[in-house]
Structure formats: C-alpha cells, structure tokens
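Using the sequences provided together with the hints, build the complete structure.
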Amino acid sequence: MTKLMIIGSVAAGTSVGAKARRNSEDLQITIYDRDTDISYSGCGIPYYVGGEVSGLDELTPRNAAWFKKRYNIDIHTQHEVESINHQEKTAVIRNLVTNETFTDTYDTLVLATGASSFVPPIPGVEAENVFSVRNIRNAGEIRSYVETHQPKTATIVGGGFIGLEMAEQLTQRGIEVTLIERLPQVMPPLDRDMAQRVADHLQDKKVKLLTGETVQSLDGGQRITSVQLESGQAVETDLVILSVGIRPNTELAKEIGVEIGSTGAIKVNRKMQTNVPDVYAVGDVTESFSLITGKPIYRPLGSTANKTGRIAGQVITGDEAEHRGILGTGIFKVFDLAVAQTGLTEKEAAEEGYETEVLHNIKPDRPEYMGGKEMVIKAVADRKTGKLLGAQIVGPQGVDKRIDVFVTAISFGAKAEDLFHLDLAYAPPFATTKDPVMYTGMALHNAISEKAPLITPQQLIRETENGETFQIIDTRSKAQFEKAHVKGAVHIPLGDLRTRANELNRDLKTVVYCNKGVTGNAAQNILINHGFKQVYNLSGGNKNYQHVVNSR
0 MTKLMIIGSV
10 AAGTSVGAKA
20 RRNSEDLQIT
30 IYDRDTDISY
40 SGCGIPYYVG
50 GEVSGLDELT
60 PRNAAWFKKR
70 YNIDIHTQHE
80 VESINHQEKT
90 AVIRNLVTNE
100 TFTDTYDTLV
110 LATGASSFVP
120 PIPGVEAENV
130 FSVRNIRNAG
140 EIRSYVETHQ
150 PKTATIVGGG
160 FIGLEMAEQL
170 TQRGIEVTLI
180 ERLPQVMPPL
190 DRDMAQRVAD
200 HLQDKKVKLL
210 TGETVQSLDG
220 GQRITSVQLE
230 SGQAVETDLV
240 ILSVGIRPNT
250 ELAKEIGVEI
260 GSTGAIKVNR
270 KMQTNVPDVY
280 AVGDVTESFS
290 LITGKPIYRP
300 LGSTANKTGR
310 IAGQVITGDE
320 AEHRGILGTG
330 IFKVFDLAVA
340 QTGLTEKEAA
350 EEGYETEVLH
360 NIKPDRPEYM
370 GGKEMVIKAV
380 ADRKTGKLLG
390 AQIVGPQGVD
400 KRIDVFVTAI
410 SFGAKAEDLF
420 HLDLAYAPPF
430 ATTKDPVMYT
440 GMALHNAISE
450 KAPLITPQQL
460 IRETENGETF
470 QIIDTRSKAQ
480 FEKAHVKGAV
490 HIPLGDLRTR
500 ANELNRDLKT
510 VVYCNKGVTG
520 NAAQNILINH
530 GFKQVYNLSG
540 GNKNYQHVVN
550 SR
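For the sequence shown, numbering that gives the first Met the number 0 begins at 0 and goes up steadily by one.
No lab work stands behind these hints, which were simulated from the structure alone. Please note that a few of the clues may not be correct.
[Claimed, not checked] Calculated pairs, EDC-like style, for lysine to aspartate or glutamate (alpha carbon to alpha carbon, straight line, at most 16 Å):
hint: 1; residue 1: 400; residue 2: 373
hint: 2; residue 1: 151; residue 2: 235
hint: 3; residue 1: 477; residue 2: 495
hint: 4; residue 1: 542; residue 2: 199
hint: 5; residue 1: 2; residue 2: 106
hint: 6; residue 1: 508; residue 2: 481
hint: 7; residue 1: 88; residue 2: 99
hint: 8; residue 1: 508; residue 2: 462
hint: 9; residue 1: 450; residue 2: 416
hint: 10; residue 1: 332; residue 2: 399
hint: 11; residue 1: 400; residue 2: 422
As structure tokens, then:
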C-alpha cells in the first residue's frame, strides 16, 4: 500500500488527507503535528480572547479520533518530525510526550508545516505577560491571563489583521489599548488614504495609535510594566500582544533541498509540487502567485490553505488539478467597520508599471430609507486595457458582498465597463438600483475613455503644489461651501452653472466637485458640452478631499 505522510494538521494538511482519502482507499495516510490541536480556526482566536466565542472547543470542532473514524487517517499530535532522509524516504519523529524517537517511511511527502509568529529579538519577550497570537494554546493562555489578572492596559505591537482584531476585542473587555506599528500606517496591505480611515475609526473607539514607532525593549522583568520605544517614549502596560507578522516554517524543507522562493516561503508549481520529486507543499509554508502579475506572492490565509491542500490531494491521487493563483483578498472587522481589499492597490499598480485610473466611490450599501450606510470604495483600473486591477472598501455594512463581486470580476479578467452590465440582485432591503459596484464600473470606464476624467485629491494637491494652475468649481450649496471646501475653489451651484459658464476660462484645466462625486459628474458634463477642453471630476468629492487633507 502506498504511504502518504503529511507534516502538519491544520487547514492545509488535513485538507490534503481528506481529499486524498475521498479519491482513494488504497493509501495509508499518516499525519504528524507537534501541536496539540488539529484543524482549528486560527482566525477565530481574537474572538475567543474577547469572549465572543465562549469555548475553545468551538474553534477545534474535529480531533484525531474523528479523522480516523471518518477518513481512516492516522493523526499523531505532539509528534515532531525532527529530520527527513528523502533519499531513503524516511523521517525521524519524536513523541513530545514520552520523548521517544522512532522512524517512519513514506512514498509521498507533503509539507504542511505552516508558519510561526515572528517574535522580535528584543529584551523582555519571554516575560509571563507577553503573548503571540497564532495557535489554540496562545488563545487559551491570553484569555486565562486576562481573566485571572484583570489588566487595565494592553499594548499591541503590530497593526495588521490580528493586531487590529485584538485591539477591538481587548477594548470591548474594558482594557485601554495602545497599538504600536513601525510603519507610517496601520494595515500595510491598504493604500495609505484607505488605511487612514481605519486609523480614524480606531481612534474614535479610544484605541491609542502610535505609528512610525519601533519597540526597543519590554521592561519590567518577569512581568512587563512598560514598552520602551526607539523614539524615547515609554508606554505603561499590564499586557503585551506581539502581532508583528509570521514566518513560514521552512526548516525541514531546506534540509532536503526544497527550493525556497523569493518571498521566503516554499516555491511550488501549480500542482503544489516542489522541485524535489514526490514532495509537495501546501498552506502557509508555501508562496502563491498573483493572478494579475503572475509574480510570487505570500498571503497566508485559511481559505488559501484549504484550497491548496485539496489541490495537492487531487494531484497525489491522479486527478488533474492546478492552483490558479490568488488576488491577495482579505477582509476583517474592527469594531463596527468592515475593511476589505483585493488585487493591486494604487501604490502596487504604480510599482508594477501600470498607468492607472483611480476612483473613490462613496455610496450607501442600500437606500438610506432602508438603513443604508456609506461605503468608501477605492477602485484601480489599467488605462491601457480597461481591466480592473484592484479594489479596497471601508464601511459598516455591505462590504463583504461588494468585495466578492470585485474578486470574481478581476479573476475572470473583467474590464471596468463590464461591471455596469452585471445583472446584480436588487431590492431596497439589499441594494440601490444602481449598485455601488455598477457605479464604480461606469465611472471608471468614463474616466478611462476620457468622457469624464477623474482627478484624485492627492493628484490635485500634488499638481497644485508643483505650480499647476486649475480653476476649481464647488457645485454644492452655499452652506456646504462655507463649512469646508477645496483650497482655491470658487462657488457656483450646479443650478447656476449653465448661465455662469461664461465667467470661466474654457482653455484652463478645470476641476469640479460636489460632496461625494455624482453632482460633480453632472457639472463636468455641462462644462464639457459648453466647450471646456479639460474638465476633471474630483474623485470622491469634497468628502474625500477633506479626509485626505486632514490626514496629511
């Protein structure tokens, strides 16, 4: 009987075993894992710490006995594979309970060794109130500490997904949270203007943010009482959460000559095969590739881990299957705000050499009379081909639905104009008649075709500071104009624009705007039809402009 050995038993490893078994009863499948838990939901850990998930068993619904009964797979937890001899196809395994070692053999090997939290090499990280957030054991330790010691303050180091989710959950437990991020913004996968919306929301919820700061040491001895920053500032704290990223566990792979990719994770082909015959790699230990650029990308997520595991299980048992790449899609919730991203950001698209068109679309997820609330959609398209490159969305509701439509569209090579023609579901409890996704496509297409060019606040500010001259027209009401307006703007309400167009210079670059963008587009059409040569609509209107100005 052919022997399949899998190292790692979380999402990817168990997916390999389950799919291989569904395809074949002729395999002997054995899984080894040095941890105590299998197939758990790591992404649910912050919600257990915060109390939204009551018991750890809800994050670990399956155990080794269940897999044995359901799939006839032998899973050995607390068993660490210490070394591999691929020439002989043997592995030395240590039972971490008894400390005994033994040798097992295999015909096919799957590396599903995952990734580990990166612990920065700074003084104090071994203290009893310093925790990482990676596995079920971490979850239990953090919640136990919080409930036992009742900390009043907590410091989170790292402003990514897990760091922000932990900030939310600890705040909701009544703990005063300070979040430290060494980069100038939280959520590095987002463009800075969108990340600032997240930062503003965190501060509204009383989370203290310290961006552009690096931790020098954790001080206090056995129990940390302060976090010392390189800037000289000290943050008093009762609890420290380290969430500064993860590193793929590639040690065993390197030992047998498996190639490591440019991202630092294992390089695999589309069938999840490594460069070493009969050795596959799946999940968080592997790199993927971008559907847009074709270049290697490392975005470890449970959804991708399950997908790659299933593909490997199919290939191992003789089925045709291949990994088609990813867009780096992510979504998370921070308090009552949802934040999602897929594909390339504006910054990434520029770095890849694209000439981009950028739209900020501020729309409710459904009619306001049905409780609709504003989302801010930032979409990026390629001017040369018209193809959608990426989208970022921030809003209290309706975000997940829209990001998944963008993901599907980008995956199948949609152009911006295609979005308008989607037959999306409409009824007032669910969406507006012209869904924000459809409007995004329409506005982007009009900009790309130069029927209705856009200019972002950042572009307007940058070009103005570089000496470019614009005539800027505010088309809103007088009260709105007097409350806040674009620097240098003159006030001409939309209803007066046709009769007052002769007051303006038709040959001068013109920017029109309203509060969010729709009325600005109407003004743009009027001026273009009156013979103005270059008329731009301010992307996202005054609302977006003021956000950018206040964030500088």
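Here is what the structure says about each hint:
| no. | hint | in the structure |
| --- | --- | --- |
| 1 | 400 <-> 373 | holds, 14 Å |
| 2 | 151 <-> 235 | holds, 10 Å |
| 3 | 477 <-> 495 | holds, 12 Å |
| 4 | 542 <-> 199 | holds, 14 Å |
| 5 | 2 <-> 106 | holds, 5 Å |
| 6 | 508 <-> 481 | violated, 24 Å |
| 7 | 88 <-> 99 | violated, 20 Å |
| 8 | 508 <-> 462 | holds, 11 Å |
| 9 | 450 <-> 416 | holds, 13 Å |
| 10 | 332 <-> 399 | holds, 10 Å |
| 11 | 400 <-> 422 | holds, 14 Å |
The earlier numbered hints that this structure contradicts are 6, 7.
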